[in-house]
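Chemist: So the chains spell out like this:
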Amino acid sequence: MILALSAALVAGAVLRGPGEAVAPEPGKKRVAVVLSVGGLGDRSFNDMAYEGLLRAEEELGVVIAYGEPAAMSEDERYLAFYAEQGFDLVFAVGFLMHSALEKVAPKYPDTQFAIIDSVIDQPNIASVVFREHEGSYLVGALAARKSESGVIGIVKGMDAPLLMKFEHGYRQGFHAERGRLGKEPGTVLSMVAGSFADPNRGKELTLVMVGEGADVVYQAAGRTGNGVIMGAKEAGIYAIGVDANQNHERPGTVLTSMVKKVDVAVLETCRDLVEGRLAGGMHSLGVAEGGVGWALDANNRALVSADDEAHLADLAAQIASGTIVVEDLPGSDERTPGSDE
Amino acid sequence: MNVVADTLVGTLGIATPLLFATLGGVVSERSGVINLGLESYLLAGAFGAAAGTLAAGSLLVGVGVGLLAAGAVALAHGILATRTRADHVVTGVALNLLVDAATIAALVSLYGTKGSSPLFSDGLVEALGASKVLGLSPLTWLSLVAIPLVVVALARTKAGLRLRAVGENPRCAESLGVSAARVRLLSVVTAGLITGLGGVFLAFDVGSFSKHMAGGRGYLALACVVIGKWRPRWAAAAAIGFAFLKALANQLQTAARIPDEIPRMLPYVITLVVLSGIVGRARPPAALGKPLA
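Top to bottom, those sequences are chains A and B. Count the first sequence with the working numbering and you get residues 1 to 341, in order. Count the second sequence with the working numbering and you get residues 1001 to 1293, in order.
Mixed in with the good hints, there may be bad ones.
[Claimed, not checked] Examples of chain B residues lying across from chain A (beta carbon under 10 Å, computed):
1. Gly-1010
2. Asp-1122
3. Arg-1171
4. Ser-1179
5. Arg-1182
6. Tyr-1268
[Said to hold, decoys possible] One side only, chain A facing chain B, incomplete, derived with CB under 7 Å:
7. Val-37
8. Gly-38
9. Asp-42
10. Leu-181
11. Gly-182
12. Glu-184
13. Gly-186
14. Ala-197
15. Asn-200
16. Lys-203
17. Val-208
18. Gly-211
19. Arg-223
20. Gly-227
21. Met-230
[Unchecked claim] Below, computed lysine to aspartate or glutamate pairings styled on EDC-like, alpha-carbon distance capped at 20 Å:
22. B:Lys-1132 - A:Glu-234
23. A:Lys-28 - A:Glu-74
24. A:Lys-146 - A:Asp-215
25. B:Lys-1114 - A:Glu-51
Derived from the structure by calculation, the hints contain no laboratory data. Backbone N, C-alpha and C fix where the C-beta goes; we use that ideal spot for every residue, glycine too.
Could you put the whole structure together from the sequences, leaning on the hints where they help?
Modeler: Here's what the structure looks like:
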């Protein structure tokens, strides 16, 4: 009975269509966003992409639509659906959609596609990636200013090149800032959880690092990171959030968040479309473009002194102008698929 | 820093959900019901604990709702296992998939998100901290106390004797006036309640529910049941042993860089070795997985 029921559930999910067609309006561009598995309500990637789409509707007057595939195997069908409908621009949100878009795009050479967080070399695909190492440098520098022990840590969801990029920037920011403060380089502990969905494990690892003296822990680990923040709260140390602004999750514990502005990426790509200068190729968003940064709001205001704030603004300006060059890792734009679902 | 003490505290934290699920697994399997559904009991317990706590603002209500949710899932499982001829392995796996999807659907309808529930308030987190005894959650202490309780209940009580009799030879038990179906149903529900406590621990440990959070612990517990050859004390020892290895690997990760995959593989390798009969003979309950006529 349960088997039949779950079979029916699965069938229901598969048969559900990509959504209604949106009729073209004269003189208006039409933009569709196909979200990653998980869909709206993830308080992170997908929600930010949707936010950017809504802003494009409001600020640029484009007609919008979005689709939420129930499984990765559905991605292709959703992308093709909007291309078939004659949309001017179709977004694939997240590196998990890399191979689906790679297959669909050549079939619709007149449709413009964009993929977030991955690079596909095809003439009608704009690839939008972030320079996460630059944002990580900034939060690493703030960690150096707040750490009393000189030991900080990072928990990564898995041992993937993309996540090494976060760690690499974080380390550079921490050690450089310690140098500017006239202190010895200090220690950055790094641990891999092996999962993006295991908060209990995130907490375990955080407490191990606390045992080794860490007093700031950064996480690039999805929901595993929720446990990092809880572990930091229990141990009375600081955590650093990632991707979305997580400052509100535990005010007083979350020192800041390394934000990756997917909303800005979607909005700016739509602006390029409307203004007729959208082209294929790679578009890299870093500190200079406002694509990555560190979050300061009412929730962490008390943890960041005016001095810290001014100094980080100065560092950000130096990164933007190229005075400080944060080193990337070779090969780190090769995303490892299958990290979550 | 005291590495030995850290490793021990780490071990007991990792062991807690595993111990509950392992003891639950032993209770179910000794009555003859193969239990691949432990993962679903953990998930239901964790979800119930988070939802109850968030709704009432009380940890005790959370424990109650967590037990209720896990017990309800186990009741459904028990009915399938005793009233139908459905294959135990298939129903267990189907239940895991179903509860996994159901918790996500409930997240959407209760909180409008698909990833994780809202976080417990700072006040509740402080209450959790204040409830600790010698630095450990009361649930951790309970999981340790549960070991001798299950050992004695199975070995020395009338209910335990009946449970084992049904697991070995349900017809013989029936001929002595014991309802095999009822005994199995009660055993599975008991397994659900014990395992549900492990789920409650998972949610309380991080102060929220997040989807898929059982993370394979139910399957690992089943491996412990097999490695312990269906005897509660050895199954519990296996659970604590694996938790220790995991805690040790965590401690060593920053220094020696042992890939996480090795401690994760180990239990299943040992399970296969035990099942293959290389080290002694693993004798499951004779009527394990056999539907009642």
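Chemist: Hints broken by the structure, by number, lowest first?
Modeler: Of the numbered hints given earlier, those the structure breaks are 3, 4, 5, 6, 7, 10, 11, 12, 13, 23, listed in rising order.
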